[in-house]
Amino acid sequence: MATATEFRTCPNTGLKVDLAAERLIKANAVVAIVFLAIGGLFGILVAFTRWPAVHLLPADWFYLALTAHGLDVLLVWIIFFEIAVLYFASAVLLNSRLAAPKFAWAGFVLMVVGALITNVAVLQGDSSVMFTSYVPMRAAPNFYLGLILFAVGALIGCFVFFGTLVVAKAEKTYEGSIPLVTFGAMTAAIIAVFTIVSGAIILIPTWLWSYGLIPDIDPVIYKLIWWGMGHSSQQINVSAHVAIWYAIAALVFGAKPLSEKVSRMAFLMYILFLQIASAHHMLVEPGLSSEWKIFNTSYAMYLAVLGSMVHGMTVPGSIEAAQRKNGYDRGLFEWLRKAPWGNPAFSGMFLSLLMFGFLGGISGVVMGVEQINLIMHNTLYVPGHFHATVVAGTTLAFMAITYVLVPLIFRRELILKGWARLQPYVFGIGVAGNSLFMMGAGTLGVSRRHWDISFADASLPFDYPAAAFLMMGLNGISAILAMLGGLMFVIVVVGSVFFGRKLGADEKVSLGEVAGSGRAVASYGSSDTIKIPGTAVLVAIFFIAFVLYYFVNWKYLSEIWPMS
Amino acid sequence: MAEADDPRPAQSGDDESIPLMQRVLDNPFLLLFLGIAVPALTYLIWGIIEIAQVPIAD
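Which chain is which? The protein sequence lines are H and D, in order.
Each residue of the first sequence is one higher than the one before, starting from 626 at the first, in this note's numbering.
Each residue of the second sequence is one higher than the one before, starting from 3 at the first, in this note's numbering.
Excised from the complex, chain D in its bound form (with noise of 0.2 Å):
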């Protein structure tokens, strides 16, 4: 009878109807760990690696 009465419609249902690029974009902590892994991977890591790289002049 309450189902009836709820304008809410179940959480599962919810979850199931909203597509997943949007799911994604509305998980803030999950676009905060590509915002930092990305950058910090092509940029930070990998350019430190390069330069790591470089011989010691004698």
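So that you can see chain H by itself, here it is in the shape it has in the complex (with noise of 0.2 Å):
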């Protein structure tokens, strides 16, 4: 028996709203956000014992830490967003009712139940094998089985997101091509799915093997096959934070991209190529031949750098359009200056652009060049790079959405205001810190995951020069920063969904944009015009800065390689 879909009609954008998928939007949003904080708790405890002045837990109690940590950030905390973030996508932006909703119920509950069976098994202390989980170190089989029922749960969300674009697509919700941004989120879904099924092919024959089922797994298969899982699901972030990049430029802007066909190519290369830059975990692994090694990472991947390349220059491109047109068109830069710094969602924003293209992105191919990344190989210079890319990148950005979605979809007013307007610096700064302060320690040396950099117990001793401690001791300094921010954005946020004030059903809410710039969300066309010297002077700036730290890494490889 079908039952009749309830809609509300959003007051600021005139779009329907299917209450299933609002009621699914919030669930998993709420979620997320649990387990960011409970994530991120784990974090600053990882942070404090690697900070060789405090040192704080116990060499069995930090490697327990470290992988609740990388487990609830990495994985849980951004899956759960992002099936929020399709959800959104599809029924919201396309005017749709969301397909088969008891089935993204269904979804969600075995996301839950598995998160929490994972990290139960973290937690009961026999199962610190940390969120790569090499083999043959062995966890307890519900580690496994947790990872699996929550990697189901989320495909059974990608597929109530296709499903969606086709009731939508079925039912004429929209008129010619999809949305760019329900494009992004597309890309990020296709994503899910390789990333889900390479999941699957490894993680279920190491449940068994766990049990003692399976004799052995080989160690470099179970490699090469986790990271097309580990290091995919980053690149799920790396499409739903771009496609929310865009969404915030519409939704507070009114703009829309400066060629919508240009954009689309640019998410075609992830679609094809990005997957492949799991690649660069294997680059020092002797059973893979150069050419898979250089093809994976660096022919075929450059073809998804591209696609960043050129979605880090349209996005403040379609924002220096859209400000120029609103009269802000004096110099190349009054439209930067004038644009609502005060207004988390696009600060938050564009702070995650910057970090994430700067630091994120340049450190990124310089991993991924085989030469120059044996001087960084299995450092921290690692974790430096993926903080930049998903905490500054994705987990800004996704911050900076909610800001949208409490007045919008949760329909509550924001508390406490002026920490709102505060909370993408202080967490933005804290986490450049972070990612700056490993990728510096990395570059001495310092190995990533390691409890006691100073080796006290060591039987044949080894120090690291003087300035790798000093950069221990900034990252967990920013380490203090970037959790107060995330401790001002579960507080901001929380606080709002219970205590803010409910919006009436017509009223309409100010997220500081422009009149009328709702709809520019949900409808497909490029921007009036391309001029845009601002935005040009800031892509010249990032490719100087490219090139430059791309030779200084060629130059460092020469000193410590010398050839005679």
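Bear in mind the hints are in silico, worked out from the structure with no lab data behind them.
Computed from a prediction, not measured in an experiment: that's the story for all the values here.
Incorrect hints may have been included.
[To be verified] Here's a subset of chain D near chain H, in silico, CB distances under 10 Å, partners left out:
#1 L22
#2 I38
#3 P41
#4 A42
#5 L46
#6 G49
#7 I50
#8 A54
#9 Q55
#10 V56
#11 A59
Just so it is clear, CB atoms sit at the ideal spot from N, CA and C, and this is done for glycine as well.
Dock the two chains into a complex; use the hints.
What follows is the structure, given as structure tokens:
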């Protein structure tokens, strides 16, 4: 028996909102933030232990906390929030009902149960195998079982998204092609399917191995396929947060992409090539040929990098075009100076864009080059890189869109608006410090995942340079700042959801946007102009930084690896 | 008579006027197939074949 779908009309955008989709968006977003808080707590324990002057936890607790931190923030927080984004970008932006909400709830329950089972397994202390869980380290069977259930739930969420695309097209709820934000979310969903299939291929046999039903798992095969999941899961983030950049630009400024075609081609480069960045984890494995390594980390991967550089230009470019159209047309940067820097949705999004490009993007390409990868392979440089991409890039973008979702979807006014204005800066500066100082320590040789860099109880003593200890201390101080920013976010958002003033059904909410900008997020079409001189200067600065850093690393390699 | 009043163009005409690349980008399931097949071939399958060819120590 079919049940009628209930809708409300969004007073800001005029879009129909399926109430079933809205409830699912709320549930996924709330659980995401709970796990962000839990994972962040474990993160601060890790940072305080790696700070040599503090060295908080004993070794066994350190590896437990590191496992829980990686699991909860790299996987659970991110994927729950991405499922919320998928439902928002399909049902809400396409003016459609959500396909199969009961399946969506089943997926949600599986994800919650899976996340809890794996967390309990980690907290019981016999699964401190870290997020990567490389064999032959063996975790408790429930560690793998929880991950498998979580992945199945997320896969159901992806197919509910694809089903909603089919429903919206069949019921003609939109005209022409889907909006760019939905296209970006679709890119994330496609990469998610590859990610989850890779996870299933390796985690199901590993689960059976943990029971002793399979005698052994080849460690290199495990590592290859696991990274098909582990790194690709971070490429879901990239696609999702780029979609969010476009969404915030549209919601706040009424910005349309400079060129729909170019931005879609950039997303296509992600769909085809972004997942293979996983290969940079395999660059020192002797069993794989240089052809495989270079094709997957350089030739083909650079097409995905090209996609990121296109987005890196078109997102600020679309904002510049919209701002100039709105009258901020003087000089190179009036459009940027007069941007709403006190609006956390915009400031969070723009900081995310800058830090993802300058810190995460450049370091990612450097790490993907087989030769210079050797300088920093498996050092603390790697967490430095992914804190720039996943935390400064993705998490900050997700935080930014949350400031929009609270009034639009939860229908609550934000509380503590002063805190909300400051939060992206506090969190962003803290995470930028984490990223830079971890990369600095990694460049000095400090290994990742190491409990004690002073090697106090080692039979063969080893001293890192004093600068490495300074970097670890600065990383600890940055972690305090990032923790404060994260705490401010949780307090503002959770407080607003429970105690914020309820908005009336027809009450419009100010997002600091220009009049009538809301519809741009749900429509297809390019900007009227590509006159973006300010963005061109920013892009030139980016390229100069990119080239300089790239060649500095080759110079560094030549110094530590002299040829005579 | 109905054709003249109907604001919607004929479906076949729609398809012909849409460029090929846009039709590709408008097909989520083709993109899903490509997004799984390309990395599966270049990263997973090629990688597994290479690792499987490493001789096992005696």
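Review point. Does D/P41 pass the interface check with chain H, least Cβ-Cβ distance below 10 Å?
Key: Nearest chain H Cβ about 4 Å off; hint holds.
Review point. Do the numbers back the hint for D/I38, that is, is its least Cβ distance to chain H under 10 Å?
Key: holds (5 Å)
Check your understanding: Does the CB of D/I50 sit less than 10 Å away from some CB of chain H?
Key -> Interface hint status for D/I50: holds (6 Å vs cutoff 10 Å).
Point to revise | Interface hint status, D/Q55 versus chain H (Cβ within 10 Å) | key: holds (8 Å)
**Study point:** When the least beta-carbon distance from D/A42 to chain H is tested against 10 Å, hint result
**Key:** holds (7 Å)
Check your understanding: If you take the shortest Cβ to Cβ gap from D/G49 to chain H, is it below 10 Å?
Key -> holds (5 Å)
Check your understanding: Holds or violated: D/A59 as interface residue toward chain H, Cβ cutoff 10 Å?
Key -> violated (12 Å)
Point to revise | Restraint check, 10 Å cut-off on beta carbons, for D/L22 near chain H | key: violated (12 Å)
Point to revise | Evaluation of the interface hint that places D/L46 against chain H, nearest CB under 10 Å | key: The hint holds - D/L46 has a Cβ within 10 Å of chain H, the shortest such distance being about 6 Å.
Review point. Can we keep the D/A54 interface hint, with Cβ of chain H closer than 10 Å?
Key: At 8 Å from the nearest chain H Cβ, D/A54 passes the 10 Å test, so the hint holds.
Check your understanding: Hey, does the D/V56 contact hint survive, CB to chain H under 10 Å?
Key -> holds (4 Å)
Hint compliance for this structure: hints 1, 11 are not met, and every other hint is.
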